[in-house]
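**Student:** Chains as they are written, first to last, in this note's numbering: chain A, 120 to 525; chain B, 6 to 74.
Honestly, the hints are just simulated from the structure, not real lab data.
Keep in mind that the hints are not guaranteed to be accurate.
What the hints assert, rightly or not - Derived DMTMM-like pairs: lysine to aspartate or glutamate, alpha-carbon spacing no greater than 20 Å straight-line:
1) A:K238 / B:D36
2) A:K238 / B:E37
3) A:K452 / A:D385
4) A:K238 / B:E34
As the list claims (entries may be wrong) - Covered stretches of chain A (in silico footprint by chain B; criterion: 3 or more residues with CB under 8 Å from a CB of chain B, positions within the stretch not fixed):
5) 305-314
6) 438-452
Unchecked claim - Computed spacing ranges between beta-carbons, pair by pair:
7) B:D55 / A:P347: 42 to 52 Å
8) A:C425 / B:D55: 33 to 43 Å
9) B:E8 / A:A429: 42 to 52 Å
10) A:H137 / B:E34: 43 to 53 Å
11) B:T48 / A:E349: 44 to 54 Å
Yeah, the Cβ is synthetic: ideal placement off N, Cα and C, and Gly gets one too.
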Amino acid sequence: MSDVSPPAPHPPVTDWVHDFDHTDPRWTEDPFPIWEELRAASPIVHTERFLGCYMPTTYEAVREIANDTEHFSSRRIIVRDVRPEVARNAAPPITSDPPVHKPAKQLLLPPFTPDAMKKLEPRMRAICNELIDGFIADGKVDAAGRYAKYIPVRAIAHMLGIPESDSDLFINWIHMILELGIKDESKLLQAVQEMSAYFRTHIEERRSKPTDDLISYLMNARDKEGQPLEESHVLGSLRLLLIAGIDTTWSAIGSSLWHLAKTPGDRERLIAEPGLIPTAVEELLRAYSPVTMAREVVKETTISGCPVKAGNMVLLSFPAANRDPAMFPDADKVVIDRRENRHAAFGLGIHRCVGSNLARMEMQVALEEWLKRIPDFRLDPAGTVAWSQGTVRGPRQLPFLLGKAM
Amino acid sequence: MTERLRVHVDPDKCQGHARCKALAPELFELDEYGNAHEAGDGTVPPGLEDKAWLAKSNCPEIAIDVIEE
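Okay, chain A solo, but in the shape it has when bound (with noise of 0.2 Å):
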């Protein structure tokens, strides 16, 4: 148990151009009429909050700072109280500036490739038909706690060689990193510690009996010169991998489901045109995108017209960019068949989502499993959906009512 009293909350937002807040449960709740206001008054908002804080509203300014590594670092990845000092090899290479970026990058990409992930689809399929087993009889579920959770979760378990029944104690770093820890550093750390114990024991038992997993790439690879990795840096991208690939995917799972159950036109046609698929997971990618990154400012610049002064942090937010009506006609409406998309879900330029073919797969297959087995289903307007505060947007209880209604 910690002994640090929990963080008081912020004070609410009464001003959102000038004092934005996206821990503020009303951006939690619904934030892209928030977001709309922000785009109306700039391209660029500021927060005093957060120790100062942009955003970029349009898409426009997202990818002006995601393809500018020279003024925006990415040494700090998300938008909290406190700037303690930053850790080397943090989680490279998301958290890489060029030069040392590329080489931590390419060292992750090549067991991420979506011949890769073709390999791994058989045992997705088989994860969620297990899971749908599990429930199905009920007649009701709580489709993000039972189903969307585990799918991710059990996919990077399967990949890093570590047991999928460990599913819960991972969910529960995330949820310390990501969530508490963006008010309590405290938190933050103590699941950096025990997943990097975790990880080390699991490197241990690697160097007398490597396996064909995701730790034994990362224990075996070398350099350009030829030297082995430093163990901070295998257990950053290993820490790295575990929480990337977990809740992102949970939340797009589990918001697809949502916009399912609440639209049965849409859950018809993709029943009937199971090909229709794959493009409708790109277009929920673009409409329910759970990602928001963070950049911190090193130089002074201007972006789309607006001064931005080092020292303040940037809330990246793609969710936001996929949301401009000037990128996307409609942008507020959900089109299952929306022909182009160039959908930032996955982020722009170096940073792009080592994961995002795994994503894609995980997303697809959950939808596909689910639909076979479970064409009909509704919101239990008994129930309360729930969505997650902070950094990665997506429903964490989605209760839903089984079958036909009656």
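Given the structure of chain A, go ahead and fit chain B onto it with the hints provided.
**Tutor:** Relative to the frame of chain A, chain B by itself:
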């Protein structure tokens, strides 16, 4: 007279989103890192023109050119 199309991926812009490979697998190939390049010399066989335009309009990095020859 039908025009001939050619696709080209700018390797400096491509970040490996792999949308082109998903939408037009005949026209693009991925390297070991998942970054895309055009298949062969990029010539679009007759009947695949629509896929070439689709790949271009779904590339988040605006890395694909469709050249009309």
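**Student:** A separate judgement is required for each hint: does it hold in the structure or not?
**Tutor:** Hints versus structure:
1. Only pairs whose Cα atoms come within 20 Å are accepted, and K238 of chain A paired with D36 of chain B is accepted, the gap being roughly 17 Å.
2. At most 20 Å may separate the alpha-carbon atoms for a hinted pair to count; K238 of chain A and E37 of chain B meet this at roughly 15 Å.
3. Proximity of K452 of chain A to D385 of chain A is assessed by CA-CA distance (about 12 Å); at most 20 Å being required, the pair is judged to hold.
4. Only pairs whose Cα atoms come within 20 Å are accepted, and K238 of chain A paired with E34 of chain B is accepted, the gap being roughly 18 Å.
5. Counting residues of the stretch 305-314 of chain A whose CB falls under 8 Å from any CB of chain B gives 0; the rule of at least 3 is not met.
6. A count of 0 residues in the stretch 438-452 of chain A with a Cβ less than 8 Å from any Cβ of chain B is obtained; the coverage claim is therefore unmet, three being the minimum.
7. As the Cβ distance of D55 of chain B to P347 of chain A is approximately 48 Å, the hint placing it in 42 to 52 Å holds.
8. In this structure, C425 of chain A and D55 of chain B meet the distance hint of 33 to 43 Å, their C-beta atoms being roughly 39 Å apart.
9. The supplied range of 42 to 52 Å is met by E8 of chain B and A429 of chain A, whose beta-carbon atoms lie about 50 Å from each other.
10. The supplied range of 43 to 53 Å is met by H137 of chain A and E34 of chain B, whose beta-carbon atoms lie about 49 Å from each other.
11. In this structure the supplied range 44 to 54 Å holds for T48 of chain B paired with E349 of chain A, their Cβ-Cβ distance being about 47 Å.
In summary, the structure is inconsistent with hints 5, 6 from the numbered list given earlier, while agreeing with the others.
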